[in-house]
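K.L.:
Single-letter residue listing:
4 protein chains.
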Amino acid sequence: MKRVNVGIMNVTGYIGIDLARILVQHPGVQLTSVTGRSGAGQKLGDIFPHMADFALGVEAELGDVEIAFAALPHGASAPAVVEALERDIKVIDVSADFRLKDAATYKEWYKETHPSPELLAEAVYGLPEIYRAEISSARLVANPGCYPTCSILALAPALREGLIETDIIIDSKSGVSGAGRTLTLNTHFAETNENVSAYALGGHRHMPEIKQELQNLAGDRKVSLTFVPHLIPMTRGMLSSCYAKLARETSVQEVRELYREFYRDEPFVRVVDNPPQTKQTLGSNLCLVHPVIDPRTGRLIVISCIDNLVKGGAGQAVQNMNLMLGLPEGTGLGAVALYP
Amino acid sequence: MKRVNVGIMNVTGYIGIDLARILVQHPGVQLTSVTGRSGAGQKLGDIFPHMADFALGVEAELGDVEIAFAALPHGASAPAVVEALERDIKVIDVSADFRLKDAATYKEWYKETHPSPELLAEAVYGLPEIYRAEISSARLVANPGCYPTCSILALAPALREGLIETDIIIDSKSGVSGAGRTLTLNTHFAETNENVSAYALGGHRHMPEIKQELQNLAGDRKVSLTFVPHLIPMTRGMLSSCYAKLARETSVQEVRELYREFYRDEPFVRVVDNPPQTKQTLGSNLCLVHPVIDPRTGRLIVISCIDNLVKGGAGQAVQNMNLMLGLPEGTGLGAVALYP
Amino acid sequence: MKRVNVGIMNVTGYIGIDLARILVQHPGVQLTSVTGRSGAGQKLGDIFPHMADFALGVEAELGDVEIAFAALPHGASAPAVVEALERDIKVIDVSADFRLKDAATYKEWYKETHPSPELLAEAVYGLPEIYRAEISSARLVANPGCYPTCSILALAPALREGLIETDIIIDSKSGVSGAGRTLTLNTHFAETNENVSAYALGGHRHMPEIKQELQNLAGDRKVSLTFVPHLIPMTRGMLSSCYAKLARETSVQEVRELYREFYRDEPFVRVVDNPPQTKQTLGSNLCLVHPVIDPRTGRLIVISCIDNLVKGGAGQAVQNMNLMLGLPEGTGLGAVALYP
Amino acid sequence: MKRVNVGIMNVTGYIGIDLARILVQHPGVQLTSVTGRSGAGQKLGDIFPHMADFALGVEAELGDVEIAFAALPHGASAPAVVEALERDIKVIDVSADFRLKDAATYKEWYKETHPSPELLAEAVYGLPEIYRAEISSARLVANPGCYPTCSILALAPALREGLIETDIIIDSKSGVSGAGRTLTLNTHFAETNENVSAYALGGHRHMPEIKQELQNLAGDRKVSLTFVPHLIPMTRGMLSSCYAKLARETSVQEVRELYREFYRDEPFVRVVDNPPQTKQTLGSNLCLVHPVIDPRTGRLIVISCIDNLVKGGAGQAVQNMNLMLGLPEGTGLGAVALYP
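Protein chains in written order, with our numbering: chain A, 1412 to 1751; chain B, 1412 to 1751; chain C, 1412 to 1751; chain D, 1412 to 1751.
Chain A with its partners taken away, still in its complex shape (with noise of 0.2 Å):
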């Protein structure tokens, strides 16, 4: 297989770096270049010990690749997405500045002007599950939020088959790298550690992202969401908790056998019989799905969850990337979860 060149912008962050791992070990691809909005001039293993393996430096400009992943912040990552577009390069963007479809949406909750808005209509929502062929002939791809992924993909079969009804509670828990590598009192061990808490309870990022995606999947029905997430003592997993009434009257056998027809030929998605737990996704692409009634209230409860660095991010980013490439959806990304 000859391997395509790719390249990471701003490799410094957790997703970033997590990028880097899945890509130095990924059989089509070859990682040749590496931005740091840091760090430039250092090899990466300098910074990163345990890529101290691959002879990667860390370079200001991207080089000459095919596609190329944007990992910076928000409102950072457009113009760089622009550039490299304007280079042909092909972009997925980890960022959330091409996600939501509207710029006015965007401007309320990133509280800045979109600097690109023209390209919103072109990104494709990075989500297999629902946007595969439209990935698959994209130039840029937004690559989805961690609680997004979690959290539609446990109720996309639902909502898309009207099981439900669309006020919806999802009652996210996450692990402390998604907060990411930017030192905050928040991820501070000492405050951390032996601590739950929520938190964005005005409102978080991914709600608009979350809810823009399950209108799509509600298609008429208006959409009523409350998302509340919480960080929860560990380092990488996420575990998301939703809430609807059930539209019809039905039985878990028959949901499980729609969620199970729904992602029939996912690579990527199990619907699951036992609540599953994040540490059976530690290191892995897998989403799990475990929905249950609960019959004293006929409500559905979905409970899924994900490795929030890999199919919350860097993982699903190179899903994203080998259709991208017309790989095999799944090369690369064949690691089991490190249990225990």
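Keep in mind the hints are simulated off the structure, nothing from the lab.
One should not assume that every hint holds.
Since the list gives no way to pick out one identical chain from another, each pair is judged satisfied if it fits inside one copy or across any two copies.
[Stated by the list, open to error] Dumping the calculated DMTMM-like pairs for lysine to aspartate or glutamate here, alpha-carbon to alpha-carbon at most 20 Å:
id	residue 1	residue 2
1	Lys1454	Asp1684
2	Lys1522	Asp1457
3	Lys1413	Asp1578
4	Lys1656	Asp1578
Put chains B, C and D on the given structure of chain A with help from the hints.
P.N.:
This is chains B, C and D only, laid out in the frame that chain A set:
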């Protein structure tokens, strides 16, 4: 102050030993007798080295005390409670045996015929914020479960004031000590660490207890309750995220005011303006309650947290004891949270 | 008891705030003044929600108190100490500024000329088990570092009695709170969790402090010391494993007897017969010491542990304060470890 | 590549299941048979959900394979090994049964007469960095323990080159998975979390194993070894801090050079210039080794770390398998550490 003799039946579980920790530091009582299902004949400090400074032997039978805590498993607790009552010893039962008012509900959830149904009417549910007067004159107090304590305190003001509709979702996150000291794979370090999971999706035994009390608060309106507990990788601490539709238009200021008024004189409930964290309650008897309105959905969200072994167990039991003995309610319970 | 007014200079670090926690519960003193390098003008409860019940404002200047704790960083502490002493305020300095008796050693390790070398002779090293009498009459006490406290107490009996040779290795393991509240990559949750590392292999600043005190205990025999600290993924707790050749033949019984005799009247040191665990000291002021002989090598191994913020910081500082004020040494320090 | 059929005897422990994880992703072999002491008759994915994608049933008897891993407890392993050898199946035993060359030492430490002493001479100690040639032609390989792997690799260059004196201290810190999947109070989450302790101070069973191999490296000079293991609150990872006096004057540059030369062609040992962290090896088969000189004492300190279940268990076993099958040594072992 003349010290009252108190005892603990089955000191060897986590709530039992936390009771001992609080009682040996309590200025109004003297812990003179502890029994153990295992460990009889040993010194308490042999089993629990942190108690080595206290010369207490674990006995097979409860000594002569004025008041006793029953910390036996459900089913085993009721007979021990009956025996103590017959010896004119007041009892605070931290097991589930006298929490449910309806023997049939007990049988449904605990799979056994209630051993002493005749006491169910007399037993007082030991949540001082709701039943203070009854506790003060009680012979038998049923100490609430940890999930119920955390959840009921979150919702009591809203329910009693008719602020919310009665279709309620409670999504709770608990530290692992709540699962007790009995060895199970689910509490094995390598399985539980770096992991989060939902459990008891078919119905947790604390559900009917929460529902009973929420129903009491709701009056005529029928409560519908979905309760989903989660296990998170920390030792102590519990956080509940509660969701219900507002029954009328209101503002967050009004809601906070209503909550503050409801808990105005409470020594151990704080209505807080920022999302609380379990770490802020570590080792303390406080419950922190944070109501907020989701403006996009007209939903009340209440985040509450406690130390599951203190306000959710041993601390609340001592609070009940203080009331039963006519001591100031906060005696021996002034510990400030151990932060960080 | 008439309460003595006390103050804390720079309450906003972990030892500062733990001092506040202990002092507000101390029956012999009243915490009337706290200052902060950051946070001046705010209420203490705004910065530290677990202290919200205490109406203390963070001030820019220390108020009129009888005794004060200086919890500033080294270098910044000395001038504040001098100023307080000039106001006839006794000082317990929890920084490193007055621990080393030799200004040249200070300069070697802290890379700055000592700001107040004239006070070095007067300052008393605040380890009550060794310097109780001097502390009782001191104006200025230098509160020991956490590693020194844990390690010196492990070795003092053996060194003073000539039981061991003076070529010593101390391998210490510390919880992350010991690194303070300042944000660093090494204390970022995702970096520190599920990770262990040795650090400061070229020489930790607590090394000369430990060596100074071990040398005092060893008398004429020259101490050679290797000290290697490790960071482990927990919040509070420190364990030292100390290794030295026996200087003469002995038995573990004799060694334990010697240790018990040495610490016979000590309120906060326990010689234990089983390997101690840091969890047995969580939130308590105890140091647990466990000497054992490696029969195959004729080596004394001593395992010791403390809560690094209590006996290794704020608790010991309060113990020193009690001595300086003529209060019973254990006043306000009776908290039993928070297990589990 | 024609795949070789391999099997695992007793897949249900942590090393057993980690072997399965690595083998199902290994391009040169096919895992066709797994047995379990418990769980026979179940699917592997029923017991270990992260393996659900692999259609393997747990059998009572090992099927026809070319090579098998014995992951039974010591004592139970030897008979199973003998039986497999009689069926002409090569065996890699991850238990302790064939690690010690001396049956009397085995009896001293394992309290049982060795079941198959006739095989002790033939069995090869499976540390490829020392015994590569012997492993390649072996019928029976005794896979080293985790502590021995980590510690021997730290000291081998220094010992073989006569760089250090032979009175050695090894202070090791292990994640809890090293204690296995069997339930014990010491591995109960609430007991182990936020806790560190030394254990086996009277002598750990890995001590004679380490000593045997260090002695082989030291040649005529008699090794004296103190080995103290510690349990720290994390799942995977092991770090050893090794101490020995330098036998001659040298520099850290010379020491590093000597170590680099010793491990020049090793695929899985890295001599690193900064203190290594266990997180840098999570899920990888690497051992990181960092020798340093304590300038004040003339002591060599070597810090080494591994993933205790990979290089300290399953990964090393597969490395041995590769050698025994004539496959490239690193086949199936290329996973980059899962950071953070």
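K.L.:
Go through the numbered hints given earlier and state which of them the structure violates, listing their numbers in rising order.
P.N.:
Of the numbered hints given earlier, those the structure breaks are 2, 3, listed in rising order.
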